[in-house]
Amino acid sequence: MIRLLALLCCLAPLSAAAFSAVFINPGKADEVYWLTAARAMEAAAKSLDVRLEVRFAERDHLRTLEIAREIAARPAGQRPDYAIVSNDYATGPELLRLLDAAGIGIFLAYSGISSNAERQVTGKPRERYRKWIGSLEPRAEDAGYLTAQALIQKGRQNKGQGLDGKLHLLALSGDRSTPSSLRRSEGMRRAASEARDVTLDQEVYADWNRDKAAEKSDWLFERYPAARLVWAGNDLMAFGAMQSWEKRAGQPGRDAWFSAINTSGEAMEAVRSGRLAALAGGHFIAGAWALVLIYDYAHGYDFADEGIELERPMFTLFSADDAGRFVARFGDLRFDGVDFRRFSKALNPKLKHYDFSFQQLLR
Amino acid sequence: MHDSTFRPLAVSLIRKTFVLAAVCALLISALQAGVVYRQAQERFDLALRDIAQTSVPLLSVSIWDIEPETVRRQVQMLAERQRIGYVRLAVGTGQVFEAGNLALRGAKTAGNFPIPYPQRAEGSIGTLEITAEPGALYREVMLSIAGVLAGYGTLTLLICGLIVVLLRRDLQQPLRYIADFVTALQPERLTAPLRVERPAQHRRDEIDLVVEGFKTLQEGISDHIVNLDRLVAERTAQLESALESIQQLSIVDPLTGCFNRRLFNERLPREIERAARYGRPLSVIFSDIDYFKRINDRFGHLSGDEVLRKVALIYLEDLRVGVDWVARYGGEEFVIVLPETQLASAQATAERLRCDIEAATVICEQCERRAIRLTASFGVVQHQPGETPQALLERADTLLYQAKAAGRNCVLPKVCEVIPARSEA
Chain A
101 MIRLLALLCC LAPLSAAAFS AVFINPGKAD EVYWLTAARA MEAAAKSLDV RLEVRFAERD
161 HLRTLEIARE IAARPAGQRP DYAIVSNDYA TGPELLRLLD AAGIGIFLAY SGISSNAERQ
221 VTGKPRERYR KWIGSLEPRA EDAGYLTAQA LIQKGRQNKG QGLDGKLHLL ALSGDRSTPS
281 SLRRSEGMRR AASEARDVTL DQEVYADWNR DKAAEKSDWL FERYPAARLV WAGNDLMAFG
341 AMQSWEKRAG QPGRDAWFSA INTSGEAMEA VRSGRLAALA GGHFIAGAWA LVLIYDYAHG
401 YDFADEGIEL ERPMFTLFSA DDAGRFVARF GDLRFDGVDF RRFSKALNPK LKHYDFSFQQ
461 LLR
Chain B
2 MHDSTFRPLA VSLIRKTFVL AAVCALLISA LQAGVVYRQA QERFDLALRD IAQTSVPLLS
62 VSIWDIEPET VRRQVQMLAE RQRIGYVRLA VGTGQVFEAG NLALRGAKTA GNFPIPYPQR
122 AEGSIGTLEI TAEPGALYRE VMLSIAGVLA GYGTLTLLIC GLIVVLLRRD LQQPLRYIAD
182 FVTALQPERL TAPLRVERPA QHRRDEIDLV VEGFKTLQEG ISDHIVNLDR LVAERTAQLE
242 SALESIQQLS IVDPLTGCFN RRLFNERLPR EIERAARYGR PLSVIFSDID YFKRINDRFG
302 HLSGDEVLRK VALIYLEDLR VGVDWVARYG GEEFVIVLPE TQLASAQATA ERLRCDIEAA
362 TVICEQCERR AIRLTASFGV VQHQPGETPQ ALLERADTLL YQAKAAGRNC VLPKVCEVIP
422 ARSEA
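Protein chains in written order, with my numbering: chain A, 101 to 463; chain B, 2 to 426.
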């Protein structure tokens, strides 16, 4: 009875806008991944009738804090109900402090609180910072594990072993500090250690950057002549490594195999053409899922029964067919075709568990 | 004083000090150069060791992790170290990093360091070559010498300046003052005291010795001058008395103490002139001792002299002091000049004199103390206007002659007798 009453109360203002939200996007406005994330969120906001404002911090963590301060300084009536932020470059604790003080509901998406030092400051959601309602992270390890496994499989199929009979793997990781970067690498290492016939020759950090990856690959190919498998933490680094391999008169996909993470058009094209042996992605959707969770929370369907700090599988390994479908469906970064209402517990009371995988959007 | 050969004491002292200081500075600089050269060499060796111990492991990790930017920075930092001219890092995978002075490429290297793998003991991941900057050692040595010279020079200048000030104050100024004082000394100010301004509470020094010595000299000279003055006064007094006696001798008859003929000849015209000028009377008495020749013959010349002295004495005692005067005219003749005296008074005076002589006796010591009786004859005249001294004397002489002729021991003209004035001489 009480639940029904609450539902009625919450449904009442739906006719206008359910609530307002701000997404402080840590990336650049012309960065494919973060742009895709923003577009997916906008589509979700539209279908859930949420007023969404997206602000890009242009990969400048000081700018991130500036935007947060600006939002917190707005007159009470103009402040958004919720802010969706990412704990990139360890900005999380400060963002929580700023926005909580302004009485804005906070949801951490993409990157949550992970290090002990940060945890010391923030505590758990809804405790020290009462307006921090929760977080949702894609299970980053999956991306590394899935791509590495597929890559090794490809190497085996094509007999890419060296003279010692083992598959030699090189890894280009993003950076040494971002949790998602570390977890992707962890997944890669788990896959490599599970396969007895694989030697991880060396893992280097190319800062998510194509040119750096190309330069480091020059060294690596020279240092490890037997290496035929190259795992990369994102698509750009994989392309850099391919570029280096092609410079040595190699043919990616034929005499060496590369894996990548991300759903850029170029990556999809490379999967379809066979230059990329493996590609995982789809976690950009985490922001859209965050809106669904907030929507349900705002309408009395607290996601706490599934956990308030959620780390869920989202990554999908793209086959050539998947890549074709993705390009066909979302190639122009339009997610209007997706009805996000059907993932809401508030709107679908029969729904018992959230499914955050991207795969379902390709079906 | 300011001639070209003059050079103040302070200047020459400072010149010598400065030359000495310059020589010392050169010696110290040479020493310093040697020390700095050795130190610089040791530092460079140390730097090379430091590179081997710190940079090589860092490079090893950076190369292994394939961080070209870090490797480039490290190589650049190595090249920027002191005295390192050129650094070349060749990585086993073919990449070459170089930094510093590229002109030194191919020059003799100061150190070759194989870069080991971070984990493995054997084998190398690259080679680091260090080439020394050739001019750096020289520059370092020169810079250090310049520093030493600048410091030493400043110190020397300061000390010299201080010495100049002190020399000026303590030596040059007092000495210059003494010199000026001595130069300006005048005979009449010879004993003016020399007072040199010295700072309060200073101790006695050579300047004081000079001042004291000068004082002693002044005292000696002063004594000497006083002594000389006394001598001169003494001699002058002697001369004056000698001159006086000479003058006395020239106008006084030594035997009788009366004026002599020479003075008489000089003085009588002046007396006549004065009497004429003021219209005053003037009389002259001509006297002669009676029978003087006989006295000489009977009693000897000594008694004759005694007689003359006695007569003169009577005259000098009887006459008005300071007005009348007597001269020995020759032999036993005396002339008595009586200014401001009319003939009658003169006659009376002559009479008085005649009586005194008549009453006097002279004892002859040689001839059994016999008494010698004396008389004298007198001719008295009053000067007449226009009369010459010769004429006056002639007139008196004539009267004397007449008195002799009249029997001696008398005065002519007689007191009552009126002598008619002669119309001409």
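Fair warning: there could be bad hints in the mix.
Label-pair distances were calculated between CB atoms; the ranges are [unchecked claim]:
#1 Glu218/A / Thr155/B: 35 to 45 Å
#2 Glu322/A / Ile29/B: 51 to 61 Å
#3 Lys452/A / Val62/B: 45 to 55 Å
#4 Val62/B / Gln351/A: 25 to 35 Å
#5 Glu346/A / Val62/B: 22 to 32 Å
#6 Glu322/A / Val62/B: 10 to 20 Å
Hints listed in this document are in silico derivations from the structure and should not be mistaken for laboratory results. Fair warning: this is a prediction, and the values are worked out from it, not measured in the lab. Yeah, the Cβ is synthetic: ideal placement off N, Cα and C, and Gly gets one too.
CB of Glu346/A to CB of Val62/B, is that within 22 to 32 Å?
29 Å, holds
Cβ distance range 51 to 61 Å for Glu322/A and Ile29/B, holds or violated
For Ile29/B against Glu322/A, whose Cβ atoms are near 58 Å apart, the range 51 to 61 Å holds.
CB-CB spacing for Val62/B and Glu322/A relative to the 10 to 20 Å hint
Check passed, 18 Å falls within 10 to 20 Å.
Can the suggested window of 25 to 35 Å be confirmed for the beta-carbon pair Val62/B and Gln351/A?
33 Å, holds
Within 45 to 55 Å or not, the Cβ separation of Lys452/A and Val62/B?
52 Å, holds
I want to verify a distance hint. Is the separation of the beta carbons of Glu218/A and Thr155/B within 35 to 45 Å?
Once the Cβ atoms are compared, 60 Å apart, the range 35 to 45 Å for Thr155/B and Glu218/A is violated.
Hint violations for this structure: number 1 only, all remaining hints satisfied.
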